[in-house]
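Enquirer: Chains as they are written, first to last, in this note's numbering: chain F, 1 to 269; chain C, 1 to 269; chain R, 1 to 269; chain U, 1 to 269; chain X, 1 to 269; chain H, 1 to 269.
A few of these clues could be false.
[Said to hold, decoys possible] So the derived label-pair ranges between C-beta atoms look like this:
1. H/ILE179 / U/GLU202: 31 to 41 Å
2. H/SER21 / F/GLU202: 25 to 35 Å
3. F/GLU36 / X/GLY146: 42 to 52 Å
4. F/ILE206 / U/GLU183: 37 to 47 Å
5. C/ARG129 / U/GLU183: 24 to 34 Å
6. R/GLU32 / U/VAL261: 42 to 52 Å
7. X/ARG142 / U/ARG265: 19 to 29 Å
8. F/GLU202 / X/SER156: 27 to 37 Å
9. C/LEU77 / U/GLU183: 54 to 64 Å
10. F/GLU36 / C/LEU77: 29 to 39 Å
11. X/GLU247 / H/GLY146: 29 to 39 Å
12. F/GLY37 / H/GLY146: 34 to 44 Å
13. F/GLU36 / H/ILE179: 37 to 47 Å
14. F/ILE206 / X/ARG129: 22 to 32 Å
FYI, nobody ran anything at the bench for these hints, they're computed from the structure. The C-beta atom is built at its ideal place from N, Cα and C for all residues, glycine as well.
There are 6 protein chains.
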Amino acid sequence: MENTKNASLRIMYLNPVGFSSLDQVFADMAKEYKEEGTEVHITSLNPSVGQMNNLEYRTFESFIHLDTLKAVRQASLEGFDAIIIGCFYDPVIEDAREIAGDMVVLGPCEASCQVAVRIANNFSVLIGRRKWYNQMNETIKRYGYGEKIASFRELSMTVPEFVANPSCTKEEIIKQAKIAVEEDKAECIILGCTCEIGHYKEVQEIIGVPVIDPSIAALKTAESAAGLKKISGWGTSKKWGLEPPSEEDLKAFGILQEPYVFGNRIIVN
Amino acid sequence: MENTKNASLRIMYLNPVGFSSLDQVFADMAKEYKEEGTEVHITSLNPSVGQMNNLEYRTFESFIHLDTLKAVRQASLEGFDAIIIGCFYDPVIEDAREIAGDMVVLGPCEASCQVAVRIANNFSVLIGRRKWYNQMNETIKRYGYGEKIASFRELSMTVPEFVANPSCTKEEIIKQAKIAVEEDKAECIILGCTCEIGHYKEVQEIIGVPVIDPSIAALKTAESAAGLKKISGWGTSKKWGLEPPSEEDLKAFGILQEPYVFGNRIIVN
Amino acid sequence: MENTKNASLRIMYLNPVGFSSLDQVFADMAKEYKEEGTEVHITSLNPSVGQMNNLEYRTFESFIHLDTLKAVRQASLEGFDAIIIGCFYDPVIEDAREIAGDMVVLGPCEASCQVAVRIANNFSVLIGRRKWYNQMNETIKRYGYGEKIASFRELSMTVPEFVANPSCTKEEIIKQAKIAVEEDKAECIILGCTCEIGHYKEVQEIIGVPVIDPSIAALKTAESAAGLKKISGWGTSKKWGLEPPSEEDLKAFGILQEPYVFGNRIIVN
Amino acid sequence: MENTKNASLRIMYLNPVGFSSLDQVFADMAKEYKEEGTEVHITSLNPSVGQMNNLEYRTFESFIHLDTLKAVRQASLEGFDAIIIGCFYDPVIEDAREIAGDMVVLGPCEASCQVAVRIANNFSVLIGRRKWYNQMNETIKRYGYGEKIASFRELSMTVPEFVANPSCTKEEIIKQAKIAVEEDKAECIILGCTCEIGHYKEVQEIIGVPVIDPSIAALKTAESAAGLKKISGWGTSKKWGLEPPSEEDLKAFGILQEPYVFGNRIIVN
Amino acid sequence: MENTKNASLRIMYLNPVGFSSLDQVFADMAKEYKEEGTEVHITSLNPSVGQMNNLEYRTFESFIHLDTLKAVRQASLEGFDAIIIGCFYDPVIEDAREIAGDMVVLGPCEASCQVAVRIANNFSVLIGRRKWYNQMNETIKRYGYGEKIASFRELSMTVPEFVANPSCTKEEIIKQAKIAVEEDKAECIILGCTCEIGHYKEVQEIIGVPVIDPSIAALKTAESAAGLKKISGWGTSKKWGLEPPSEEDLKAFGILQEPYVFGNRIIVN
Amino acid sequence: MENTKNASLRIMYLNPVGFSSLDQVFADMAKEYKEEGTEVHITSLNPSVGQMNNLEYRTFESFIHLDTLKAVRQASLEGFDAIIIGCFYDPVIEDAREIAGDMVVLGPCEASCQVAVRIANNFSVLIGRRKWYNQMNETIKRYGYGEKIASFRELSMTVPEFVANPSCTKEEIIKQAKIAVEEDKAECIILGCTCEIGHYKEVQEIIGVPVIDPSIAALKTAESAAGLKKISGWGTSKKWGLEPPSEEDLKAFGILQEPYVFGNRIIVN
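The shape of chain F in the complex, shown without the other chains (with noise of 0.2 Å):
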């Protein structure tokens, strides 16, 4: 029998903010850690979308919304196994899930819990700013994973600032995933938010408890969930929640009929 398992998977990472120049950035990233048979393209949205600079506030989401819809339609159609939507918490996951033919879609939030789960108990999860934690919570309880937090711990940054200062936001992370520790009692640290991309070795090194990148969770969940779904046949199901429009819906009402098209493009093979 061939062995050809995951080789030739195909894994999109969108970036779904308004602008792409943090996607060589996750290119490297993924140049880094994927498994060789696997491609990996690195995407980001039609910059019609709007120039944020972070998706921080929901009001920014909403502009990147219907466009990582689009994105998602297209990936599928493109025949990729597994779309990861890159921003921690995990935009459109839901929609996209309807719309994603059997195409597998992750979130860099849900990966990171389930990378977290099966090595600790608990987890703390370092975030920006405290504007965040509602919905972030409001997502990990969502999935299930609400028992599992050990807190919500504040860099008092913003991502655009992440972005800015490196060394900063470093040190930020290590001091705060020492109190998320010692006083939360955490038992692995979750870094919330793609941006804080980077640190996560350095800082593992100091605090001694496992420190989830989230970009990585998701690229490397995706790969497994990629693998599954084309040898195994699991794929996003198709039943109840989950039943998608008819394409004669999606053409009466003029909708998902052109392709899309991308911002930006970065193929890693």
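Using the hints provided, position chains C, R, U, X and H relative to the given structure of chain F.
Expert: Same frame as chain F, now just chains C, R, U, X and H:
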């Protein structure tokens, strides 16, 4: 002391589907049910959202997501006291609250639940198809009313079928409401779609328990909430999870800078 | 079509403590906040219940339990559309709903929570003493709002102290509300006692988040609920858990056969 | 060391319905099941509470509420170690604990649940009518045993019918217990009314799982709790939520100043 | 009618740690607290399990797992009415109930919780080290008492340190109990380790709320449960989740065919 | 940069039942599903645990408890990256994580749930007999997926019957899966026993929703987790609840000092 109070409340009832053919139905309802001093604007979205004749799928919701947000922003700028997003999924409600200023944002589902729990220990929700269950159930649990759900019962009809065939709809409502009361032990019935409009009174008479029409529940709750906002200043909080983006950011990102053009507007005095 | 609607709603605001000295305060509130057409009767219990100046203890509640039920029955027989049991513990509310006919029964706690969750993701409750916490927390959890509680904060004052020293009360409210917002991350404050009346507006101005006064929340919610009962027939369900005892049984057991004699009644038109 | 322990425990079994005709039945049960050294007083309320022959309705409970509290206070002053409020609704139990001094207060429902969860993973409760479900379910959830409920099953009989027709009652218990075990997968049965007395043993024999009689569960749990109070000092806490009102206040308010006059008292040695 | 009842109950108190040096301490406790007619056998495991001086780690529990099961089986075959597995983790309790016949199986944690919730709205658990928290918290939540937990507080001591230094243990208990009551608002304290034996009375005197010793709670609950099993037949259910393996299978698999040899047995009459 | 990544991952698939006859079946599965670079060792326990042909009873689990722990320890010492305890009860998983070093420990139940919730809103679990329900349901709730359970459905077969009669097993799976989808509204099916191996693909084809085979889910999740441990250092946390006993204590207590002797080992490259 002058007794003005709710006089001159201004409420927008937004029909978030991609067509305006039902607007008059909701306008008639508003005419019949609103207080004398209240001004209700029945609006629908710009037709550019697509010609959906229902929001049964998350995909369709994604198409009206941003326009709904823009409409909420517009209503807020026009000085409305409250807005109703007139679909039982309560779509976009959390995002809308962020950008609404202190205007109150309401959904028919939340309003119906609030009415129901004041007069009954539990309720059943009559939905069109099983498809709807997952999302509505999650929404009601998020609101805190999960333990009050006696059951969901399906009419096995689509929204267009509700609209096309009211008498069949009424019959099915009666049939499922009876089952809900007798088998699921519901003390109250909620009609789980604004398009089940026009039937509650007759059904209620037959069934013998309160049957909540979601549009009316939303309108009257909105009047109450709008009044409290006006007299007592109890408008939408702007703190923590509800903190809005700054006007500077909106401008910098090129979003929400233009007035929203509604597809239709009926003013009911 | 004639536009009568809420005109001539009749609401009773029952002061369930064993004295009537605050009745005028609540009457003044009603005068200021009620709609024009609404008639509000501020009543208090027959002094035979005891001369309690607070209901901070379950023991005291036991002394007003039966008279409150009788008062509710009486209001129902007098044709009131809604009754408010004016204590934040929402005492006797479940029993009252059973005997209320289709009159709506409301408590300030439930009403305040309903107002709060429409405009905020969470709330803190400002109570007098830790003593109150257990019962109020259980009540709010029973209503389904347990996950919305940011915190309870204590003013370290008794009800008689609230009444005797309003300026000190206000100061304490401001102090604890600040802590609730800043430390407990509350998006909204609920004053957890009807005797904290008169302070919400000033506090709200200072704190910058909505501060819910429970009496006003109850009155305005009662007006809305009474209207819905009148126009739409959405009165208290009489099915299953809300099934009332038969009039035959009441007669046979010699109970609820006499009109209830209120201790005081102020009519506000 | 002298081995006195539970010897001379004093327990009151209060029949909180408005009549004493079943007191002898409970006295016989106590005689049969109590430990040698225990003294049990079977008491019933002063007939002034009304001539209710059941507590199936919250309304009827309201009529016995205050007298039950007074009876508890009286028992405490008479030096009883524990009191049972002998109705499966566990009425007034929380209020009673506040005024009980360190005497232990127990209800048949709580006691039955405690017995059941020690010997089974779940249980079904056999009630008379659906009417009872809502309140009992809420009570059991409040105790923490919500997840242990396999089902409620109704005998479709009233309390007076239980009393009037024991053989029919037994037949119905057997029928519903079988359904509870076979269909609802109950591992244990709780009889959800003290008036289902006298049947458990026979039913248990037939059904093959433990069938808990609530009066016996309450009596034996009370003996255990009373013993622990006496030997170990584990009486009802008086802290925080259980803080009692001061004797000064009771006096000032003119309440609880007179000894309570029971309607009936049978002493079982 | 002869009044035998609990007379001649036979209870085993199994010390599941790998040594017997504390057996006499528990025997003395049993002597002091048991009813006259009760026979208590203090047993410990066969030393082949390992020489653990604590069960603070799941690893150590694994070493006593099978022997504990065998001991339970043995006790059942010897006709004991109830067995206590004397460690606050309540180890092996669910497995034990399966093989126990109708003998009742109890753990100090479950028994302590049952005692506590009868006399207080909540409780704090005083544990040795944070290590213990996760497992004990999960256990208490599984029992249904999760909402009753005011807090866990740590003495920062190991079990061997409890044993080696009782006066220091007592001091730490007092210190943490005070914090639990004053800061965490506990109405009751549970000592979260059977090796905190000997201190509860003094601490209780000082702290002013009930302080539950888990060994005593277990012994007295076992007596009550054993009595109910004997008089009322309320032994461990054998249905559904509690269905035991067949004796044929045990024989075929070569397991549980030999009598278990205890390491130690002290009989207390 | 060299792209090694998951190459040379080492995973142990431990068959925790007391016999090795199915080891080859799991080895064949591993051969078919593993990545090229992964080395999988299929092991079974030392036959001294007993000759159980199933783990349907907690009693049988108790017999493999310690050996499973020892096997995990052994795997950790041999440098495995991950171990699967190959029974759907996920036995010993929490204890194993404590002693596993940073090796990842997985169970088929947890892995199956993680796969399912990424592609469906809910799932049904097909078990052999009702006996299994209680424990598995508790486990899934502990993981956080309780709200995702659509139903448990029973095949009414024992594990030996699964093994002896695969075609009957498949038929029963199809029958119950259909009921789960159509009546319980499951969007996904999980086969609740590793011995239901070999059927998922055919069933899935017929049923039309994903049918998760637990062994495959476990193997592929283990590969992903092992990879993350190797590249990112996300091995099992050793903090707080996961703190392992000291090597000194192990030595002092005379436990875990000898290498574990597996009953069988098949190496799959």
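Enquirer: Against the range 27 to 37 Å, how does the distance between the Cβ atoms of F/GLU202 and X/SER156 compare: consistent or not?
Expert: 31 Å, holds
Enquirer: How does the Cβ-Cβ distance of H/SER21 and F/GLU202 compare with 25 to 35 Å: does it lie in that range?
Expert: 49 Å, violated
Enquirer: Take the C-beta atom of F/GLY37 and the C-beta atom of H/GLY146, compute their distance, and say whether it sits inside 34 to 44 Å.
Expert: With Cβ atoms ~37 Å apart, the hint holds.
Enquirer: Is 22 to 32 Å right for how far apart the beta carbons of F/ILE206 and X/ARG129 are?
Expert: 24 Å, holds
Enquirer: Take the C-beta atom of F/ILE206 and the C-beta atom of U/GLU183, compute their distance, and say whether it sits inside 37 to 47 Å.
Expert: 57 Å, violated
Enquirer: If I claimed the Cβ atoms of F/GLU36 and H/ILE179 lie 37 to 47 Å apart, would that claim hold in this structure?
Expert: 43 Å, holds
Enquirer: Tell me if the beta carbons of H/ILE179 and U/GLU202 are separated by a distance inside 31 to 41 Å.
Expert: The hint (31 to 41 Å, Cβ to Cβ) holds, given that H/ILE179 and U/GLU202 are roughly 36 Å apart.
Enquirer: State, for the Cβ atoms of R/GLU32 and U/VAL261, whether the hinted interval 42 to 52 Å holds or is violated.
Expert: Once the Cβ atoms are compared, 48 Å apart, the range 42 to 52 Å for U/VAL261 and R/GLU32 holds.
Enquirer: Is the distance from the Cβ of C/ARG129 to the Cβ of U/GLU183 consistent with 24 to 34 Å?
Expert: The hint (24 to 34 Å, Cβ to Cβ) holds, given that C/ARG129 and U/GLU183 are roughly 28 Å apart.
Enquirer: Range hint 42 to 52 Å: satisfied by the CB atoms of F/GLU36 and X/GLY146?
Expert: 47 Å, holds
Enquirer: Starting from the hint 54 to 64 Å, judge whether the C-beta atoms of C/LEU77 and U/GLU183 obey it.
Expert: Check passed, 59 Å falls within 54 to 64 Å.
Enquirer: Could you say whether the range 29 to 39 Å given as a hint is met by the Cβ separation of F/GLU36 and C/LEU77?
Expert: 54 Å, violated
Violated hints, in rising order: 2, 4, 7, 10; the structure is consistent with all others.
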